[in-house]
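Undergrad: Residue strings, one per chain:
2 protein chains.
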Amino acid sequence: MTRNTLAAALALGLAATAHADEGMWMPTQLPDLAAQMKAAGFEGDPAGLADVTAPPLSAVVRAGGGTGSFVSANGLLLTNHHVAMGVIQYNSSPEDNIIDNGFVAKGRAEERPANPDFRVVVTTAFDKVTDQVLAAAKGKTGRAYHDAIEQASKQIVAQCEADGSVRCSVANMYYGTDFYRIAQVELQDVRLVYAPPRAIGNYGDEIDNFMWPRHTGDFTLLRAYVGPDGKPAPYSENNVPYQNPAFLHLSAQGPKEGDYAMLAGYPGVTYRHRTAAEFASQIDQVLPRRVALFQQMIDTIEAATAGDAAATQRYASQLQGLKNNRKRAAGELEGLLRSDAKTLRGADEAAMLAATPRTQRRSIDALFAQIAGGASVGERDLLLQQVSGATQLLRSALLLERLRIEAAKPDAQRETGYQARDLGMIEGTLKQVQRRFDPKVEKALLAHVLGRYQQLPDAQRVAEFDAAFGRTPAELSARLDALYAATGLGDEATRLGLLDKAKAGQALGDDALLAIAGPLVAAQLRLEHEAKTREGESLRLRPAYMQALFAWRNSQGRALYPDANRTLRISYGRVESITPRDAVTWSPVTTVAGILEKNTNAYPFDAPKPLLEAIAKGDWGNTADPALGTQTVNFLTNLDTTGGNSGSPVLNAKGELIGLNFDSNWESVSASWWFDPRYKRAVHVDMRYMRWLMDKVYPAHDLLAEMGVPAQ
Amino acid sequence: MTRNTLAAALALGLAATAHADEGMWMPTQLPDLAAQMKAAGFEGDPAGLADVTAPPLSAVVRAGGGTGSFVSANGLLLTNHHVAMGVIQYNSSPEDNIIDNGFVAKGRAEERPANPDFRVVVTTAFDKVTDQVLAAAKGKTGRAYHDAIEQASKQIVAQCEADGSVRCSVANMYYGTDFYRIAQVELQDVRLVYAPPRAIGNYGDEIDNFMWPRHTGDFTLLRAYVGPDGKPAPYSENNVPYQNPAFLHLSAQGPKEGDYAMLAGYPGVTYRHRTAAEFASQIDQVLPRRVALFQQMIDTIEAATAGDAAATQRYASQLQGLKNNRKRAAGELEGLLRSDAKTLRGADEAAMLAATPRTQRRSIDALFAQIAGGASVGERDLLLQQVSGATQLLRSALLLERLRIEAAKPDAQRETGYQARDLGMIEGTLKQVQRRFDPKVEKALLAHVLGRYQQLPDAQRVAEFDAAFGRTPAELSARLDALYAATGLGDEATRLGLLDKAKAGQALGDDALLAIAGPLVAAQLRLEHEAKTREGESLRLRPAYMQALFAWRNSQGRALYPDANRTLRISYGRVESITPRDAVTWSPVTTVAGILEKNTNAYPFDAPKPLLEAIAKGDWGNTADPALGTQTVNFLTNLDTTGGNSGSPVLNAKGELIGLNFDSNWESVSASWWFDPRYKRAVHVDMRYMRWLMDKVYPAHDLLAEMGVPAQ
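Residue numbers (the working numbering), protein chains in the order written: chain A, 8 to 719; chain B, 8 to 719.
Every clue listed holds true.
Identical copies go unnamed one by one, so any copy, or any two together, can satisfy a pair.
Here are the simulated DSBU-like cross-link-like pairs (lysine-lysine), alpha carbons at most 30 Å apart as the crow flies: (1) 616 x 334; (2) 703 x 263; (3) 661 x 263; (4) 510 x 539.
FYI, nobody ran anything at the bench for these hints, they're computed from the structure. From a predicted model like this one, the values you see are computed outputs, not experimental measurements.
Bound conformation, chain A alone:
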């Protein structure tokens, strides 16, 4: 393709110089990056950022499913509106609709307890335990290697948690190369302090999601409380505000193009250091396969529900999910093609291998063979996932059968998802069938998915699935008709009765779907074992590849960060515009003018009247941008982020808080695999917008004073 050739040429041209702002660094790496950070404009001491348990990094915590940061000495915690949405919902009712109206606590007595399962997690220790973890695995291979590491990790966690004061985990860095023990304190009494109305906190909703320029006040303030003894405690009137050893200071200034910026948070998962073969597989096979299958499943559901209002309603949510997944996979594929990631990663790896001593190559070659083996069953695994993942009745049968098997084991030894604490979730799954099921649609979906499975080569076939569903479309169709005519699982009482039996590990009886579930679950367990064996081999072999990559990057004068794994990372870079397409440039700072432009007075562009009036009035207090002469809203940086960075604080060159991460641009959806400096941006709430809202629109002057940025 001429297109890729040109893109490759452009990207190769950039590759030499463009890596300065790529990287989700472990804080411990920062001292080694001091020169680069200084050159980028950081005015503080990078060494001061190395300890996640000391100020200022200890101000950054996990909050709910995202990141948060303390912004006062008295436990005031800043995170995203969408991260705190559960807390807001929990406190909202038709009579007191704080989702729509927002919430401002007038004094601490008005702060409202979060849902009891909402947690703020403060890291108190972070230590390398690589030798301990790997000692037990030495000499082992495959599943045994995998299980040895799992076992060693469980032991470390148990020791760490022995005194009952902390929750612990072991994080795997660089794909099995290093392991870190993390100890954390869980704060259980969290309260809602300030939330803007939904039409500010989620202005634009799905339409604007990923779509810079954005105009959303996606922030919320919470407060953490502890017992009078300073220890974590469930909600109590007697609790006192938590005093974290560190909190962030809001800047009196705001960001402008070119300014240094950095961000701390808990990015979820990236694949940047995967092999060239994995890149090629992702681009040539995995993503096109996902796009095609999801589209076919969408078409199948739409055809099967056409003209049937009840069925249309029942499958609306699944259809929406498939469309989102399809769009996301298509966007990722488009981005990887635009960046020509396959060519670039291939060239990079080839150069690395050429520079790697022959003695190290044996493990790397073994890894490559391992990866090829896994990729060869990728299509089958995707299709078989849908058999349980995209169905209701068949999924119920498989779930009950698996639970029956797991129930025979002691709780601690059961597979995750089938332990005592998971039983409520399983019951929920069995109960929601009625609202999401229509037999003709489920049969149509299975006919499509299993019909594609039937076309796979013999080597990928699974005997139990062939036995259950036949080898031809005609057999498949007849079996599905017979199964769904005969099964009694469509009845909720029947399913819940079977749940009681399964929980007790009792035989489930002779229902048609349960009859095939027996052998199908046996097959699933066998495939699961094969996957864990591959995983073990990967854990064993990939460190050799990573060592070669360390050496190669070192020879290029570049450091290597571990791929994201939900541990605390820091990225640094700058406020930067983007040219997403020929002749189109987006400024890095948006203003309230854009709220007026987008506003239609209809959801999701239905800014509240007080906001519209305040914009019309134009009284910006002390928060207007001096150059723009108006109130800013959001801004854009080239910081390296991925899912999980929601709520990350964005700091300026002085380490002061200037922004709150909440989104990415659509062009960077492929950045989980490839960081393209032309397109990778992160989207933040300008703290000046938060301050203006709290000063002029939904006033909370006490809170501004508490954060050290009093209203004018």
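Based on the hints, put chain B in the right spot on chain A.
TA: Structure of chain B alone, referenced to chain A:
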């Protein structure tokens, strides 16, 4: 509205300084604008542009439905691909598909004759005849004033055309203030010389139409021929290339942001100098009414054709037209609201009136009353237009009845559209009914449109329509059912038989639809008379308003151009980027990179392989932009244009040809009423792109040499 208030404040702030680039000037006005043009950067003598019949302006001609310009001494003529599309189609066939493949004549012998009705029109005289035209109207009012001007104009045309060498017309400037006689020579032998493939000439089609950034090579080269005596003649092998007294010279350089630019062409119609009341009516009533009615008609057709594939097919074209009209009206409304044109025009007029002597105010007040009267029947007129405009069978009946009446007059006295030369068109209209008609859809449309008519106040009612269709929805429904059950007009042979009778002025017989057509046409004629009476009053009274406006603009130090009326105009300004929305900026020059970005290999983004290969190769010859280091495609200026400016040449400060106008941006769709310098842009083909295509992609080196820009 807060939104409007802010927009008004912004626009008022701009209003003081922003008029420099507004204006579609008559060439005769340019000497008076010399200082402004020089200040804008023009390096030539504005006085040299004053005479439309002398070089260089005499190089600019009307070509087909747009504008063209001569670009060589031997009749080579540049215009848009879309302006010359009829010529290209006429020469294309399935075996020799030059629409898809493009066309390059290798030498003059290969140039292909245009369709015989394609004309190139060269202006040879342009003279003020105001006194002559107005003399006869003096002392008259209303319809008599209108008819006196029409009569005087016809006499002037007849005298002017007496020797048979030229075609003449009279143009009305400043709404009846001035009149100009225009004489033109029509060149009849025009040939196709060079056309790019459709996927270059119309790259992006409707999706990109109005949507900057654009990447379209919308140009075509024709050549005009004359008889061996130098006089216009129909196609003949013996004809020789026409040697126009002037032709434009292509610049060796290209445009860049901030450069001076100017453009000459034949803009169609604008309403910039309409009264504040007309602006208010357009914004508050006319456009919202059109948007709502068209949407309701769309909904009506979609509901009536649902599930009927044949009917869906028959109404596809009408539906598309309604959707385009709705989108256009909505875009115009959005733009006028964004610019707060009502407030600004109102303030401007109020200030003008305050500065206008009381003695002049009487005519202006009479004009205002006149306008209010016309506006009061605006909704009725729109609805009644649809009765014939949006139907097939009822339209046929009305057409036949009107033709029967007109046929009784001498041909020259018949209403335009019913003269001998129009009979082919009428027959075509009657024949296409079968492909575009379904009785249930036509009844549904009429039920909606006439249902709305029935809700109008009594004062707006038309007795004949009430008699034909009843006064209640129930009566209407019953009448429509009865009419369409009884009529025989659904039969093509019947309609064509009636056409023969109508042409002969004979009675048409007793068909049910023809029975109501009699009184309905009588009503239409009466309404037509009323409209011409209002038009006459407007012609009589509006010059007083224009005089006040002249004086007011003069006091502001600003000149006044006449609203566009398809006569030759010049606008000047500069190459300029645009910020259409908060944080979004579009550069004024696009490059071939954008072609690759947009290309999907599927219509309309299916750039030809030779183009893609040439871009990948990157051999730009002597046409690359020195700063961008690549090949440019289109560019943007703030020049004042409207529909009809298609094909207008764009000149640089030296008067050299740098661009070819072909589109506007969507944000300027409201510029026919209001020029907002923040949003008004015009879109041009960069002549360097044309040269590159002719040099490297579809070579035509002889033509480049003929234009004085030889390939490298």
